[in-house]
Amino acid sequence: TRSQGETAKLLQIWELSKPVIAAVHGWCMGGGSWYALACHMTYASDEAVFAQPEVRMISNTNFFWVLNAGYKHALRYSLTGDHIDAREALRIGLINDIVPKDDLIDYCFRLVERIARVSPETVRLNLAVATRGLELMGLRNALLLNDELSALVQSSQREDFRRHLQEAQHEGGMRAFLQRRDGPFQPEPFGPRAQKRDG
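Going by UniProt numbering, the first residue of the sequence shown is number 1, and it counts up by one from there.
There may be inaccurate statements among the hints.
[As the list claims (entries may be wrong)] Each computed DMTMM-like pair below joins lysine to aspartate or glutamate, with the alpha-carbon atoms no more than 20 Å apart:
| no. | residue 1 | residue 2 |
| --- | --- | --- |
| 1 | K101 | E188 |
| 2 | K18 | D106 |
| 3 | K18 | D102 |
| 4 | K72 | E167 |
[To be verified] Each pair of labels, with its calculated beta carbon distance range:
| no. | residue 1 | residue 2 | range |
| --- | --- | --- | --- |
| 5 | E47 | P120 | 20 to 26 Å |
| 6 | I58 | S17 | 19 to 25 Å |
| 7 | E15 | I58 | 27 to 33 Å |
| 8 | R110 | I58 | 39 to 45 Å |
| 9 | L75 | L125 | 16 to 22 Å |
It is worth saying that the hints were derived from the structure and are not from the lab.
Built from N, CA and C at the ideal position, the CB exists for glycine as well.
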């Protein structure tokens with residue numbers, strides 16, 4: 001299935017013997033968020049937005065959301081498709097830190113340089129302690145189960161639900177499709193269409 005191919009790609013990142021650092025600026029949606037969360041470290045600009053809006057159209061989440069955000073936070077966002085701004089992403093554990101957008105890439109390169117000062121053997125060993133340890137705790141099995149459940153979700157899309165969204169797209173293009181899919185969820189608690197929060 002399509003999901004099996006995605007899981008294989010995510011595991012390729014996960015299994016590398018050198019750390020992979022994601023630098024997220026802007027929109028990180030759907031499968032893109034899966035890749036960012038599969039990286040060993042994830043840093044985001046203050047303008048980054050994470051979401052899985054596809055779950056609003058009968059689609060699935062990915063276990064990397066649960067691994068990074070924890071069970072309750074992952075469910076909160078994988079059951080609604082709501083957007084998450086960088087501050088909320090940091091609070092729930094999706095990212096390591098927020099970095100100003102103009103400094104994001106340089107910050108990540110400086111981190112890479114710091115890691116490079118450590119012996120390669122130590123880096124490989126400590127990366128393996130973390131990644132293989134999580135695999136022994138069931139990460140790989142959870143990702144494989146994710147594939148099986150994804151196949152069920154993709155094959156069980158209700159025709160009436162799909163037709164409703166396709167009609168909107170046919171009548172008014174992508175904007176109408178997105179409005180019909182996302183309109184009932186506005187305003188969102190976080191992200192670019194959220195009502196402003198204090199502090």
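Hints, verified against the model:
no. : hint                     : result
1   : K101 <-> E188            : violated, 23 Å
2   : K18 <-> D106             : holds, 19 Å
3   : K18 <-> D102             : violated, 25 Å
4   : K72 <-> E167             : violated, 34 Å
5   : E47 <-> P120: 20 to 26 Å : violated, 34 Å
6   : I58 <-> S17: 19 to 25 Å  : violated, 38 Å
7   : E15 <-> I58: 27 to 33 Å  : holds, 31 Å
8   : R110 <-> I58: 39 to 45 Å : holds, 43 Å
9   : L75 <-> L125: 16 to 22 Å : violated, 34 Å
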